[in-house]
Amino acid sequence: MSARSIVPFGPQHPVLPEPIHLDLVLEDETVIEAIPSIGFVHRGLEKLVEKKDFQDYVYVAERICGICSFIHGMGYCSAIESTMGIEVPRRAEYLRTIWGEMSRIHSHLLWLGLLADAFGFESLFMQSWKLREKILDMFEMTTGGRVIFSVNQIGGVKRDMDSDTLKLFIKIFDDMKKELTALTKAFLNDYSVNTRLKGVGILTKEKAHELGAVGPMMRSSGIEIDTRKLGYSAYNELDFQVITSPVGDSYARTEVRINEIFQSIEIIRQAAQKIPDTELSLVVKGFPSGEYFMRAEQPRGEAIYYVKGNGTKFLDRVRVRTPTFANLPSMLEVLKGCQLADVPTLILTIDPCISCTER
Amino acid sequence: MIKIVSTVLYLVFAPVFGGLLAGVDRKITARMQGRKGPPILQPFYDIFKLFSKEAIVVDHLQNLFVIGYLVFIIFTGCLFFYGGDLLLAFFAITLAEIFLIMCASSANSAYSSMGSQRELLQMMAYEPMILIVAIGFYIATGSFSVGEIITSQTSAIATTPGIFLGYLYILTIKFRKSPFDLSTSHHAHQEMVKGLTVELSGRTLGITELAHWYENTFLIGIIAIFIINATWWSWIVALAVCALAYFMEILIDNTYARVKWKVLLNSSWIVAFGLGILNLLALYYIK
Amino acid sequence: MTIMNFTKTILKNLFSKPATTKYPFVKKEYPEGTRGKVEIDIDSCIFCGICSRKCPPNVIEVNREKKEWKIDPFGCISCSACVYACPKKCLFMNQEYTAPAPQKTTNTFTKGE
Amino acid sequence: MTTQSITTISNENLISEVIKLKDEGYRLVQICATTVNSEYEITYSFALDYEFLCIRLMIPEEAEIMSISQVFAPAFLYENEMKDLFGIKINALSLDYQGNFYRLEQKTPYKNQ
Amino acid sequence: MYFVSFLLLFPVLTAVLLFFAKGYLAKKIIVITSSVVISGMALIFATMNFFTLSNRFYIKDAEFVNILFLIIEFVIMCYLIYLGIRFKKYYVSLLSLVQSGILFWLELSGQAKTEHSFNIYIDKFAIIMCSIIAVIGCLICVYAVGYMKSYHQHHKEYKDRTTLFFPLLFLFISAMFGIVFSDNLIWLFFFWEITTFCSFLLIGYTKTKEAVTNSFRALWMNLIGGLCFAVAIAYCALKLHTLSLHTIVHMGAGAQAVTIPVFLLCIACLTKSAQLPFSKWLLGAMVAPTPTSALLHSATMVKAGAYLLIRLSPLLAHTVAGALVTTIGGFTFLATSLLAISQSDGKKVLAYSTIANLGLIIACAGIGMYEAVWAAMLLILFHAVSKSLMFLSVGAVENSIGSRNIEDMHGLIVKVPALAFVMLIGIAGMFLAPFGMLISKWAALKAFIDSNSILLIIFLVYGSAATLFYWTKWLSKLVAGVHHSERKDNQAKGCEWFSLLAHSGIMIFLCLSFPTISRHLIEPFLSEIFGYKISSIIGDGNIQIMTFMLCMIFILPFGIRVLTLDKTSKQKSSYMCGINTGDDRKFVDSLGEKKKMYLSNWYMEDLFGEKKILLPSIIIATVIIVVLLVIGIGGAL
Amino acid sequence: MSFASKSPWLIHYDGSSCNGCDIEVLACLTPVYDVERFGVINTGNPKHADIFLITGGINKQNEEVVKQIYDQMPSPKVVVAVGACACNGGIFKECYNIMGGVDKVLPVDIYVSGCAARPEAIIDGVVKAVALLDEKSKSISQGR
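Residue numbers (our numbering), protein chains in the order written: chain A, 4 to 362; chain B, 10 to 296; chain C, 20 to 132; chain D, 3 to 115; chain E, 77 to 713; chain F, 284 to 427.
Please keep in mind that the hints were generated in silico from the structure rather than gathered at the bench.
All C-beta atoms in this analysis are idealised placements derived from N, C-alpha and C, irrespective of residue type, glycine included.
Not close to chain A: a few residues of chain D, all C-beta gaps over 12 angstroms, as computed: (1) Ser-12; (2) Glu-14; (3) Ile-17; (4) Pro-62; (5) Glu-64; (6) Ile-67; (7) Ile-92; (8) Ala-94.
Ranges between beta-carbon positions, derived for each pair: (9) A:Lys-174 <-> C:Asn-77: 39 to 45 angstroms; (10) E:Phe-574 <-> B:Val-14: 47 to 53 angstroms; (11) B:Leu-29 <-> A:Thr-207: 49 to 55 angstroms; (12) A:Gln-276 <-> C:Asn-77: 39 to 45 angstroms; (13) D:Asn-15 <-> C:Asn-77: 44 to 50 angstroms; (14) D:Gly-27 <-> A:Lys-181: 42 to 48 angstroms; (15) C:Gln-114 <-> F:Ser-422: 34 to 40 angstroms; (16) E:Phe-606 <-> B:Leu-174: 38 to 44 angstroms; (17) D:Leu-97 <-> A:Gly-340: 17 to 23 angstroms; (18) C:Ser-35 <-> B:Leu-287: 40 to 46 angstroms; (19) E:Asp-682 <-> C:Ser-35: 42 to 48 angstroms; (20) C:Asn-77 <-> A:Leu-171: 34 to 40 angstroms.
In the DSS-like style, the derived pairs of lysine-lysine whose C-alpha atoms are separated by at most 30 angstroms in a straight line are: (21) A:Lys-174 <-> A:Lys-277; (22) B:Lys-269 <-> E:Lys-662; (23) E:Lys-283 <-> E:Lys-164; (24) D:Lys-91 <-> F:Lys-343; (25) C:Lys-47 <-> A:Lys-161; (26) A:Lys-210 <-> D:Lys-24; (27) B:Lys-45 <-> C:Lys-46; (28) D:Lys-22 <-> A:Lys-210; (29) C:Lys-36 <-> A:Lys-181; (30) A:Lys-161 <-> C:Lys-56; (31) E:Lys-564 <-> E:Lys-235; (32) E:Lys-98 <-> E:Lys-235; (33) B:Lys-45 <-> C:Lys-27; (34) E:Lys-672 <-> B:Lys-271.
Given the sequences, and given the hints that come with them, work out the whole structure.
Shown next as structure tokens:
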């Protein structure tokens with residue numbers, strides 16, 4: 004006999020760092036239906052290719068999103084490089100890998116903090132973000148920016164990391180591991196956190212596949228796909244396992260992401276050892292023509308960078324399919340039947356990046 | 010005479026005490042999170058600011074209810090510090106809370122109303138334990154009257170340790186601290202936005218904050234009367250216990266995720282049963 | 020599963036120095052290479068306008084006649100595209116960022132005779 | 003890098019082709035439209051594990067196509083997007099935002115004006 | 077004596093008049109006049125006896141009355157048997173036959189001719205009950221005059237059977253007076269059966285399928301109680317050789333001889349008061365027009381059970397029968413309070429609340445301590461007024477907004493402010509601090525503690541929590557400030573409105589005057605039945621505090637006006653995540669269109685739903701009754 | 284004595300920014316920058332806020348949202364535009380769905396530059412906003 008409440012959730016809502024809107028239909032506090040609305044952040048930057056040449060567009064590409072910035076830049080550059088048949092110097096590829104993995108650590112820590120905040124564990128949020136600041140400092144040391152690096156360019160990278168810096172970073176990461184372990188314990192073993200994560204928002208393997216989930220969202224449902232295994236950048240020379248978890252609930256998604264932080268540290272360590280000494284960048288001649296779908300693994304999952312050139316300096320089309328866009332249907336799936344209190348947690352467990360999604 | 014003095018002292022100093030407590034709380038919380046934190050006097054700055062802001066409401070009824078909330082919270086505290094009837098004090102504070110709930114739902118706003126429903130749920134969760142506290146005092150000391158409770162020969166806690174712990178448990182709800190800050194939270198990021206207080210701003214928010222300080226003083230007073238007996242040193246012990254209890258609340262606030270409403274309801278009722286009712290049974294058995 | 024396993028971290032934080040910087044009371048030291056705001060060594064500038072064309076948000080204006088180099092610091096995205104592009108290397112990134120202000124201003128550099 | 007195969011198919015074969023892919027276990031990766039002269043080139047990308055393939059439609063501006071959201075549920079997002087940005091007419095969408103997916107000031111900005 | 081006869085006979089006369097009255101106006105005039113007369117007389121009677129009343133007995137031997145009763149009883153039995161056969165509810169016929177049979181056998185065989193003395197007994201308790209029944213009952217009748225007219229305008233599908241309806245109401249009131257005044261158990265039983273019969277007819281008023289089913293349910297459940305009653309009478313007559321309630325009560329607690337009849341009477345009371353496992357009949361009674369529900373729920377019918385139990389309470393202290401009554405009462409309080417949470421139909425919530433409060437009253441009576449009985453009596457008093465007020469206002473709301481669902485009362489304070497205020501007073505009266513019910517709860521709690529009954533404490537603390545929940549959520553629904561465009565007309569006019577206002581007035585008057593009532597009516601009665609001087613239950617200090625709180629509540633709105641707080645605040649639209657469409661009601665939804673926001677209360681169906689806990693509670697209650705009956709009667713035999 | 288400056292509560296809304304500024308705004312609350320030192324609380328609710336921090340440019344869809352939030356804040360209130368996009372649209376100002384900076388729809392009081400705006404810049408911006416808040420508060424109390 005319960006009546007149903009109809010309330011708006013977002014776009015302005017304190018648990019949502021970015022605007023997204025849901026029409027929630029609630030029974031008590033059980034979500035019966037959730038219809039999403041996006042478009043609050045839509046800028047239309049794909050159309051900017053008509054105004055910026057393919058080299059300048061790198062600056063736009065990395066501003067698709069401030070969190071995934073680096074890999075957006077890299078993905079775009081790689082796509083262009085593929086259409087032009089440019090072989091990027093290995094050192095540049097290794098540096099891209101290292102920055103990319105650092106981005107992953109920073110993004111996952113940021114996500115952990117936001118997740119903690121969503122389930123009301125403020126000190127855990129603070130702790131995660133305190134750790135994240137160290138990574139940001141490392142970024143600033145090597146790229147000159149905290150969130151947007153501007154180091155990618157077609158044909159390579161602009162800045163280098165010397166061996167001392169790399170050693171220093173490895174040491175910082177080693178120190179960080181201890182704190183990370185304490186954090187991990189709180190996320191994975193604490194009773195109250197477990198009540199908020201375990202069994203909440205289960206996405207089965209079949210559903211994950213059907214709804215086209217990507218990244219940690221998919222891997223935590225037991226599907227073993229990680230586009231880094233395609234071997235772009237330097238990943239073909241690095242050894243790592245795809246991290247999965249079979250359960251598919253919020254807890255599994257947390258577990259997968261935390262393990263990926265440790266994995267990323269290992270990848271950086273390997274890369275720092277193997278990094279060859281070549282030049283950083285090639286001089287690019289000519290204009291891109293032809294098309295290419297570049298698949299890169301963002302912290303949030305597989306991103307697709309599609310470029311289509313016509314032999315002039317302006318591209319015909321750039322399209323970015325970001326992981327969050329692919330994960331939205333999964334989010335709606337897990338939202339059904341959850342509690343209102345779970346809504347922020349579940350929105351966060353797909354690790355949404357709305358500004359990526361809407362471009 | 011002493012009764013009137015203590016009532017007046019409460020009226021005047023409860024906000025000061027409550028505000029300082031909030032300030033210390035925020036400072037300690039910040040330090041626990043590795044931050045420097047605001048100045049101790051920050052809550053006072055906040056409340057003065059709130060009273061100087063433009064008053065906006067969604068519905069004029071809000072003003073009525075929010076004042077009702079304040080008045081009855083103060084009334085409860087006065088009743089308590091006057092040495093009056095504990096059970097009546099609990100009834101009065103319930104009335105005050107109901108005013109707050111009506112205030113929130115009179116705004117007819119989504120998050121405010123949802124907050125009021127949650128607040129109601131919280132009340133339902135802690136109500137059994139609150140009543141058991143009063144019953145425990147009655148059985149332990151033979152009276153509902155605070156005046157008689159604090160002059161009894163032995164401390165109430167000697168025979169009601171379970172009830173004391175149960176009270177501390179629900180105190181987390183009353184202080185609106187994690188894991189039980191469902192209806193409105195001191196922390197910003199909540200699915201309820203600010204729950205109950207979403208539609209309160211400026212003066213009305215200031216009033217709720219003030220009422221909250223009065224209420225906290227009263228609630229801590231109840232911790233104290235568990236300890237206080239006819240001897241003078243029991244007052245000092247009581248002070249220490251209150252401080253420790255509050256510190257524990259801050260610690261718990263910082264080491265728990267916010268639970269969901271079912272956990273809140275179930276656990277509070279189970280605690281009321283496991284600690285409260287069993288303690289009462291034991292009391293009957295001793296007698 | 021444990022309860023309150025974060026207590027150790029919390030208490031450690033409580034009894035150690037907070038991580039908070041003293042900014043703005045103590046100035047922050049930026050690492051080398053931090054991208055703050057763009058400045059120009061106007062005397063070496065040849066007013067070729069490459070920086071203006073390369074600038075992604077189009078905030079640089081170069082006026083060859085007036086020998087004027089203008090930038091809107093509030094629209095600048097600190098990407099240093101101009102710095103890389105400058106043939107005379109007279110543009111450089113200052114570590115300081117543009118201070119917040121109640122009005123948007125334009126920084127104009129004019130080459131003296 | 004894996005090879006990228008793009009098969010161009012005709013408008014009528016879309017659904018049957020898509021159902022075939024679904025039966026083979028592919029998942030939808032993305033749908034993308036491009037304006038080529040006065041035609042739309044719509045590319046549907048699918049993946050099975052690390053394999054990646056695309057099928058492509060070339061349709062005139064006024065043509066209507068069937069939605070594949072009945073086969074691949076997540077397609078509704080991409081198709082609404084195409085509808086809003088390009089003005090492509092899509093039938094039988096599982097959740098049709100009626101052109102309010104992005105709520106743009108300038109309708110169908112990618113359409114050839 | 078004259079007063080008593082008048083109060084018993086005048087309503088019957090009115091009923092007869094009403095039966096033959098033609099036209100609505102005539103009925104209206106008759107109802108209003110006799111209501112004024114009845115309540116006036118009852119009040120005069122009460123005032124006369126307010127300070128001074130030594131208990132009085134009346135009507136010694138009245139053979140012709142007994143015969144008259146016998147005849148009426150026979151007619152009713154025949155009618156019920158006929159109905160049972162016609163509707164194929166043979167158990168009804170059987171029950172009716174058996175219980176009346178016992179009575180006939182008793183009377184005709186002369187077994188009932190004990191050396192008993194008086195048939196009528198008046199004491200202060202009777203005075204209280206009589207005033208409640210007269211005033212509340214008559215106000216309900218007055219309300220019904222206005223209500224039934226609009227009821228039939230709204231419900232064209234039902235046949236207008238008010239010719240039967242109004243006489244039944246007055247008959248009912250008369251029967252209630254009879255129950256309250258009778259000392260002879262046979263008389264008491266007769267009136268008892270009349271209420272059962274009248275309620276059966278009233279519940280079946282609309283003659284829909286549901287109404288018929290529910291009325292038969294009410295009938296058979298009450299007939300079970302009647303059967304127990306009849307057996308108890310037979311037992312008293314045969315074994316104790318007395319049929320005077322007064323005498324039986326004075327045999328004292330724990331007397332072996334009275335155990336069995338007391339048990340049986342308790343069961344009868346439990347059925348009449350709709351306690352678990354017999355609650356369903358009262359819930360079914362909701363199908364009847366609102367005045368019927370009000371009448372059954374507030375001052376009459378269910379109160380008959382509570383009344384008799386209070387009479388019996390000295391016999392119940394520390395006995396198994398007492399334990400049975402308190403346990404069932406307490407358990408019912410808890411279970412139905414929880415059940416009320418999951419309901420959104422206003423009348424259903426009220427029904428559960430009635431059962432719960434009756435449970436509390438009965439638990440108090442069962443303890444048999446004077447504080448508990450004091451609490452029970454005050455609960456009867458306050459519950460009668462506020463519950464009646466609630467029912468009538470729900471009825472008025474239903475006529476005004478077309479629904480009695482609590483969800484639809486969202487923003488009633490804007491939609492129909494006058495009714496909302498009346499309802500606020502009613503709800504406040506049901507559970508809020510300075511109003512009457514809570515002071516009784518305070519006393520009940522104290523009595524429960526003193527009686528060392530941990531079980532009752534459990535029932536009370538958890539039950540109160542649930543009570544708080546479902547009332548407050550109703551309150552919060554009422555006060556929501558919706559847009560002024562949703563304003564509706566108050567359909568309660570004339571008679572209905574007068575009745576509502578009178579109720580509110582009585583409510584407030586009682587809150588202010590209950591110390592006096594307690595001192596002059598309740599305490600003397602308690603002193604008398606418990607045999608020693610009762611000191612005042614609640615301290616003067618606490619009474620002053622309560623009064624002070626009450627005053628504060630009423631001063632508050634004026635205080636705000638004086639401080640002009642509401643004038644200085646500016647109105648802004650409510651927070652809706654930044655997407656409200658200019659007003660507080662709609663937001664821009666995901667599809668870019670305007671969508672109406674809707675706020676619903678919590679019902680927690682999966683925790684407290686009827687599906688979840690109704691059946692288990694009935695089973696538990698049945699088990700409790702069976703076990704305690706076996707223990708108790710086994711011990712007595 | 285005005286207390287407005289001692290307890291500036293802020294609300295943050297992400298216009299159409301790329302997240303860069305948003306996470307920097309959030310970073311300001313965290314241990315290393317801890318703006319609560321100045322009494323700042325991130326309220327997330329316009330009715331409690333004194334300072335409105337907007338990141339990102341304005342487009343058709345969020346124009347109304349931003350206006351409403353501003354309208355629902357009690358005065359005195361201050362608007363701070365954080366980052367190049369909020370100042371004038373930044374790199375996106377040529378996009379078809381960007382109307383420009385925040386000043387297209389609201390009176391902006393403080394502009395904070397940067398892409399993304401550094402936490403130090405945001406702190407400076409807030410400190411300036413606070414001073415402004417004090418002024419506004421004074422002028423309101425004089426205006427009474």
